[in-house]
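> With the hints as extra help, turn the sequences into a complete structure.
Same order as they appear, the protein sequences are chains A and B. Heads up: the first sequence begins at 0 in numbering that gives the first Met the number 0, then just goes up one per residue. Heads up: the second sequence begins at 0 in numbering that gives the first Met the number 0, then just goes up one per residue.
If you're looking for bench data, these hints aren't it; they were derived computationally from the structure. Everything hinted at is true.
Lysine to aspartate or glutamate pairs mimicking EDC-like chemistry, simulated, CA-CA at most 20 Å apart: (1) K117(B) <-> E154(B); (2) K135(A) <-> E69(B); (3) K154(A) <-> D131(B); (4) K140(B) <-> D131(A); (5) K140(B) <-> E155(A); (6) K154(A) <-> E95(B); (7) K135(A) <-> D50(B); (8) K135(A) <-> D85(B); (9) K140(B) <-> D136(A); (10) K135(A) <-> E95(B); (11) K220(B) <-> E230(B); (12) K220(B) <-> D282(B); (13) K78(B) <-> D136(A); (14) K135(A) <-> D71(B).
This structure is a prediction, so every number in the text was calculated from the model and none was measured.
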Amino acid sequence: MWRCGVNEIVDGFLTAIYLIVTLNPEVYEVTLRSLYITFSATILASIISIPIALFMAFRTFPGKRIIINLVHTLYALPTVLIGLVVFLMLSRQGPFGFLGLLFTPGGMIIGQMLLVIPIIIGLTYSALIALDPIIKDTIISLGANYFQFMVSILKEIRFVVYATVAMAFGRAISEVGAAIMIGGNIKGYTRVLTTSIALETSMGNIELSMALGIILLLIALVLNFVMTSIRREGE
Amino acid sequence: MLSIEGLWKSFGKKEVICGIDAEINEEEIFVIIGPSGQGKSTILRLIDLLDSPTAGRIVLNGTEITALGERDQQQMRLKIGMVFQDPAIFRGSVYENVAYGLRFRKLSREEVHTRVMKVLKDVRLDGLENQDARTLSGGEKHRVAFARTIVTQPELILMDEPTSDLDPVTTSIIEDLIRYIRDTYHVTIILSTHDMFQGQRLGNRIAVMMGGVFIQTGTPKEVFTSPNNREVAYFIGFENIFDGEITRSDGGVATIVSGGTEVLAVTDRPVGSKISWCLRTEDIRLHMIEDHHGRSPMSNHLEGVVKSIDMVGPQNHITIDCGIDITLVVSWRFAERVHLAPGMPVWVAFNAGSIQVMDG
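Next comes the structure, spelled out in structure tokens:
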């Protein structure tokens, strides 16, 4: 039985370091799955979200303001709510139950996509409308067609887009509610860093939890470093 | 080359362009001068198809460009270049900035390189092609914007206040560049400026724009010597502008009464016409009372007293109360030599031909 004293925490920390440096297969398998699922979700969400942000920024249509407000509201969407909605959609009786995606990495990717799409749309849209109008006019004046205009505008705000995608990745990899509900935390299949930490801690397996927690922290540090570098490059 | 016919543009309830007609000829520099906020930028944006007119049309080489669909307008923009008041600088090197518009024209890499290097030499930015464009000085950024536009070899170049916030030396460089572009690339240029002397220096023709209309169009000589109303006269620097009425006319020489003072002017307008007239400060002679014995050959002689003396650079602007306040210019040396002071009685003299009679 785990007893929570200072010595136990130090022991747990040392064991965790040992698990990481000795390339413990369980630790690395869970880490790689986490990276794979979140990386896929972030890339797919970006492919969907960036064109939507461009459309919203440069076209007028009825209900635009309501949609912008909705997108901003969804920044703070509780992950368990996404978990619940996707669970209902993908469950056997749900409208997409025939896809068989519940309790699969594919289902988890969908959940994480829904989580970060509003963030990528919202932040990209804000960067687009904040862009100096003279830049937009100059690109049009130089003879760009619609596609060339969009690509040129994206090039101008590329550093904001990179930082937004990095932020979305951070949000997706650190969420736990949707991952448990949609993935089911199946060992060797849908168990990722966050769900594993939750489970192992409840089982008293603190050394493993701490090892996974340290890895999650390292990922956050790397992301932060990447975002700082992007910001510096942008300036 | 370019016809503007009955052009109107309003933003909401605010009418910015209120019925403009103009013909711009091949290879001329057509300058739109006027104070800020009179619609100069708006008309350039309408020609560049960045905005749509509320009414009227613009015809470029026989094509009504304002009636084209979105795709055809984009194709038309490939023939028109615009240099904006604040030059937009894209992320990247000077080379990338200048090559920007060429990327939209799908030219070969060699063609892009040849054109960019030539134009960088033209604007005297050769050697800076690999520098980050955002680190350039204000004048250099303007030259990047020029280079980016002319490298696409447009038939028509629009320039919106190209030197508005530049120092005199850089302004001179940019003006030389504008003449060089016109002569080398045989291109038509429409340029807007609030600097009337720049309009005079650069323009083959000038349009004075006020209140959303061209209130006078002509060669610089026509506009600067014969303004056709008070607003134009005031804008192009006339200090003596008066309202009056023609009371007599004899063989093309009319007597005008303004504020009780009579002057002679050369005009065919009939007796009874309510008019405005103006007079350049440099066309007026000042005589001391003791020197003036009625021997001046000038046709107008008015007695008055010095009302005020203002130093402007190396000169003094003297205002004389002759019933109407007439301002003239003398050197400060002259003013000191004759001990010019407020209250001193003097004579002013000017020719009837120096008076420009305008609509009242």
